[in-house]
Amino acid sequence: MAVERVTPEKIRCDACPVMCFIAEGKAGACDRYANHNGDLVRLDALTIIENTRHKLVPFLKDSSAEDWNGDIIQGNRPFVTAVGAGTTYPDYKPAPFIVSQEIDGIDMVTVVTEGIFSYCGVKVKIDTDRHIGHERDVVRVGGEPVGHVMTSEYGSKMLSLGGVEHLTAGSKKEGRVTCDALLRLCNREPVEMVIGDEDPPTTVVVEAGKPPVVNGVEEKLMRVGCGSATIGMFPKQWVGHVDEVVVVDDHITGVLSEHQTGKMLDVPPTGIKIKGRRSTPGRYFQVARPGTGWGGTDIEDPLTILGPFNPKIAWPGLSLLMVSTTGEQYGYFELDADLVPRAAAIPARLKDSANLIAENCEPSVCSVLFMGGAGGSLRAGVTENPVRLTRSVKESLTFVSCGGAEAYVWPGGGITVMVDVIDMPTGSFGYVPTPALVAPIEFTMRVADYGTLGGHMTEIKQLSSLVSDDLRKVAQVESQPDPMDRTNYRWAKERR
Amino acid sequence: MMPPIARILPCGTRLHLQHGPIDLIIGAEGERTVAFDAAQARFGTVLKELVAELPLLRMPIQGVAPEPVGRIARRMDHATRALRASFITPMAAVAGAVADTILTAMCDAAILRRAYVNNSGDIALHLCPGQSYVSAILDHQGNDLGRIEITHSDGIGGIATSGRHGRSLSLGIADSVTVLARTSAQADAAATLIANAVDLPGHSGISRQPANHLQPDSDLGARLAVTHCAPLSLAETDAGLQAGHRRALEMEQSGHIISAALFLQGESRLVGQTGFNAPHRTRLHA
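If you're matching them up, the sequences are chains A and B in order. Just so you know, we're using this note's numbering here: the first sequence kicks off at 255 and counts up by one. Just so you know, we're using this note's numbering here: the second sequence kicks off at -5 and counts up by one.
Bear in mind the hints are in silico, worked out from the structure with no lab data behind them. Note that this is a predicted model, so its numbers are computed, not measured. Don't take each hint at face value.
Lysine-lysine pairs mimicking DSBU-like chemistry, simulated, CA-CA at most 35 Å apart [as the list claims (entries may be wrong)]:
(1) B:Lys42 x A:Lys280
(2) B:Lys42 x A:Lys715
(3) B:Lys42 x A:Lys474
(4) A:Lys529 x A:Lys379
(5) A:Lys529 x A:Lys517
(6) A:Lys490 x A:Lys566
Put together the whole structure using the sequences plus the hints.
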C-alpha cells in the first residue's frame, strides 16, 4: 500500500477514492485504516482459523443472489481470532469485533479483542537435567533482571519471567528489556538469558518448541526418570548380566543392589559405597554438585561419586554399570584384585540397555506459556458489567481462547489465563511502550448468554461481514479444541 | 485502491455493499434478484461521483454557494440547503443521500413490496400500501431505547441517527438523535443539526477540540467538536435537551421532518408522535 507522506504526523490513505488525510493515532473516514506512527495500518486484518477444507468463495459480479448459499467460507465454522483485532484502549468502548455465527442452531458470539496485558509474563519449562541455576536465582537478559528460577519439576527446570514487578516496578530499562524478552519468547523467537550470580553464570538460550542450549551445548534428551525410577524401570536388562548398576542423577541416584527393585529380584549386596546422603535404601541425594555433566551433576568421571568397596562383601571381578538418567553417558567397570573399579569393554547387552534408556527419553524442548490476567478494563470491552464475564467463564458458559488456542483459566478470582504459545498463530503478540504485551484473547458464548452478561449486543457482526481478501487464514492446530464446539460448554452437558 | 465489494449476507436475503467508508445493508421483498442487481450496478460509481465534488460538498452552504452537479450531490445539497440558517455542509446528508439513491435505483428496476437501504444507520425505506417496518433503537451501549414502527400511510421514507457516539464528529452533546423524514437525506441532515443543537455552551464538564485536529478532512473545519461529556445533573440534561427540542420542533413545523427522538444521559424528548414507541424492556438473569 503506497503512502504519500504529507507532513510528519499526517498520512494520506489511498485505500479508496476518498483519499483521507489521517492524523497520527487516528482512523480514516471508514474506520478501517489508521495512521500508526506514520504507517497506514488496516485495523481489521483479523486472523481466521479454518478447521477443515474451507476455501474462500468470492461474490462474483455476475452471479445471481439466489444461487448463493450465503456462506462466505464454505464448509463453515471458521473461528475468528483476536490476532490483529486491534484494541479499544481506553476500555469503555466495546471490543473491536464481536462476531456472531450460528453453530448447530445456537447463535454463538465470539468477542474478540487484543488485550493490553500489564499483568503478564511467561512460564518457561526447560526439559533438562543439567544445572541451569538454583531455585530463586535471578534470570537476566541484556544485564537486566527479567525473572527467576522456580522449582525443578520432573526432568525439567522452570523459569518465571516477566510479571508486573519487572515490567513496571523496576527501572525503565528493566521494563523495556523485560517486555522485549517476553515478546520474543511469545512470538517463538530465541532469547539468550544468563542465570544466577555464580562465576561463571549459566547461559541458556530458550526458544519455544526447540531444545534448550545450555552454555553453548544443545540439549537433546529429557531424562526418562530420576535415577531411582530408572532402576525400577529397566532391571530386567541388568539382572543376571551385571552385578551392580548405578544410575547417576543430581536429584536421586539409584543403586540396583540396594534398591527395593534389586531386593525383589534377589540381587546380592555388592559392598558399593556411594558418596552423598542416603535417603531410603538404594536412593541417594547430593552425590555431587549440580552441573552440566552426568545426570545433571557436575561430574564427568562417574567413579568420583564412589567410595571404596567394602572388602567384606565385594569381590574381584565384580562388574559395575554406571549410566546417566538419559542413557547418553555410561561406563562399564570391573573390580581388580584390590577391589578398585577399572574401565573395561562394555558387553553389547549392557550397551543396549543404555541405548534403551536413551530411546525412552523424550526430546528435550523449551515450552513457553503465556500467562496474563484479563482485568477489569479488558472485560469492559466485552460487557458493561465486567464481573459477570468472570462468572460466566467460571460457570463454563463462556470459553476463553487466545489466538484460537485453548487457554487454561486459573481458579479463584479474575480471569487469569495460561496458554501455550506454540498453539497460537505465529506473530500473535505485540507490545505497547507502557510497557505491556498485547495478546489476543477471545471469549466465545451463546448469544443469549452474551445478552445476559450485559454484552454489547448491538456491536455483534455476522462473521461473513468480516471476511475479506486481506484476511489472514490459518489452519486449526490439531491438538486444540474448536472454541465453538458445544462440548466446551456447560449447557451442552445439561441438555443430555 | 480497494474496489467496491458486493456480497450476500449469510441469511441469504440481504445484500452488503461496501466501498471505502460506505457500508450498505440492503433488504428487498418482491423481485429481489432484479433489485439487488440494480443496487449493485448503481453502487459501482457512487463513491467516484461523490469524490469528484468532495471539496465543494465540504463547504458550508451559504446563500450563493454554487450548486453541485452530480445526482447524489444534488440530493445532499437539496436536503441541507433548506436548513442553511444554521452552519451546515452538504456532507451532513451524504449517508442518507446515498441510501436514497440506491433505493431509488432498486424501485425503478423492480416491483418491491418492501425494501430498505441501511447506510450505517441512516436508512432509506420503501413501503407499499399495507406494509410496515419495525426497527429497534438501541443506545451505544446496547440499551433498548424503544421501537420505531412505520406503516405506508406515515409517509416516512428515511430514518437517520446522529450524535456523539456515531461515526461522525458532533458539535453537540446528544448521545443520539433519531429523525424520521420523507427521505433519508432529509432525515440525515436534520439529525445532524438537532444533535448539534443539544448542547450546554460553556459547561466545564464538556471537552471540545477543533474538528480538523481530530479528522484533518472534517467538513466541520476548526469548529469545536465534543470529545467528552461528564455526567450531568438532571437540570443540565433537561436544559441541553431543551435546546435540541426547540430546533426539532421548528423543523417539524416547517415540514422538514416528521418526528424525532432525542437522547441524552438516560433522558429523552420526542417531537411528533409518528413512528416512535416507548422502550420495551427486558430483564436480565445473570
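Checked hints:
Between lysine 42 (chain B) and lysine 280 (chain A), the direct Cα distance comes to roughly 24 Å. Compliance with the 35 Å bound is thereby established for this hinted pair. Between lysine 42 (chain B) and lysine 715 (chain A) the alpha-carbon distance is near 27 Å, which keeps this suggested pair within the 35 Å criterion. At most 35 Å may separate the alpha-carbon atoms for a hinted pair to count; lysine 42 (chain B) and lysine 474 (chain A) exceed this at roughly 63 Å. Only pairs whose Cα atoms come within 35 Å are accepted, and lysine 529 (chain A) paired with lysine 379 (chain A) is accepted, the gap being roughly 30 Å.
Restraint check: the Cα-Cα separation between lysine 529 (chain A) and lysine 517 (chain A) comes to about 21 Å, which is no more than 35 Å; the hinted pair holds. Taking the CA atoms of lysine 490 (chain A) and lysine 566 (chain A), the gap is near 27 Å; set against the 35 Å cutoff, the hint holds.
Taken one by one, the earlier hints fail for this structure only at number 3.
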